[in-house]
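Novice: Spelled out from the first residue to the last, the chains are:
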Amino acid sequence: MKQIIFALLMAWSVTALADNIQYTMRVDGMACPYCAYGIEKKLKAIEGVESIDIDLDKGLVIVIGIESLELSEEKMTTLFQDAGFTFRSMKKGTVVDED
Amino acid sequence: MRRVLILTTLLILMSNVGWAHDPIFGIGPHVLFKKGIETAIEIDHSRATEKQEFIPALQLTYGITGNWSAGIEIPYAFKERYAASSQGFTDINIFTKYRFWRRDSLGLQESAAVILKIKTDSGSTTDTPALRTGTTDGIVGLAYGYEGRTWYRWASLRYRYNGTNDAGLQRGNKILLDLVAGVRTNLTSYTEADTVWLLELNGEFSDTTNLNGYNIANTGGRQWFLSPGIFWTKRNFAIKAAVQIPIATSLNGNQNQDDYRAKLVFEWHP
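If you read the sequences in order, they're chains A and B.
Every letter in the first sequence is one number past the one before it in our numbering, and letter 78, counting from 1, is 78.
Every letter in the second sequence is one number past the one before it in our numbering, and letter 170, counting from 1, is 170.
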């Protein structure tokens, strides 16, 4: 029983302390929120993506996803082309879960 | 009027999508994202002496690629002319747009597209006033757009070629010229409601109608309209509205010109 409880606690702690991944992308051509909606729709279709924020004034698309989320520049170039915008660059970082 | 409201409501409920950020009476170069689907309910209204039309239409568009979209427009018309009135499905339109040029920079997109639209000969046949023209017509056009965070401007040129019906009547071909400016007075964030104010200058230049090779008097001419409008969006939902007011008219002979035209569009990207 102790072993089961210990295993459950370990599993919980790993989940609770897992970091999220954040990708910050520079994208050109985003002028209006309505037009940028296609970006959100396409990014949300990727497995592991949890939330998306778009800063139109700074030309930034911020994607937060699970730790194993891997987005390549090549894939993003195609994705943004299909959405009607131009992908410029991408930075990867971590978001520590404060819970 | 109650039937109109019921029909419009039904069409909105049936639909599951919308359009893009383009002028309301003119046309812009915007296309839909790849594999995107848009639904729009467009309601056209025009009034002139002894004549009134109210035409709601369901428009469906599909993004074939990030630069190429195509769609269909199914209109249902309510028409009144003198003492007569009619209602029913009018001619269905099919259309496609290809964006052949695009230049993106921070918060700005400039682009240009070609447009092709075919008005099919598919409306109800026996009603008066007529709900169909009895012809297949084609429209080709070119559109340019400058879309910034604050300022917008568009220009478009379209040529409409009208077919000849079974009686040998060909309505005059038409050139349409549109110059549009827009401004966003409040720079909202991505998730907030967003408003763009528009002012369009729309020119229409029509040839005379001809019947079996003979020009018909009191047809054709030039008209210029000024059209204030609004484009309101919230996330993936948009409402467009504009009124087209004639400001300069030079029609051949004695013709009954429109007092005004109005357009209301509901769009949704699911």
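Accuracy of the hints is not assured; some may be wrong.
Under 10 Å between C-beta atoms, here's a sample of chain B residues computed to sit facing chain A [as the list claims (entries may be wrong)]: (1) L32; (2) G36; (3) N210; (4) F237.
It should be emphasised that the hints constitute simulated quantities derived from the structure, not laboratory data.
Predicted model only: the values in this text are computed from it and were never measured.
Each residue gets a CB set at the ideal place from its N, CA and C atoms; glycine is no exception.
Novice: Next, verify each hint and record whether it holds.
Specialist: Do the hints match the structure? See the list:
1. L32: holds, 8 Å
2. G36: Holds, because the Cβ-Cβ distance from G36(B) to chain A comes to roughly 6 Å (cut-off 10 Å).
3. N210: violated, 42 Å
4. F237: F237(B) check passes; min Cβ-Cβ to chain A is 8 Å, inside 10 Å.
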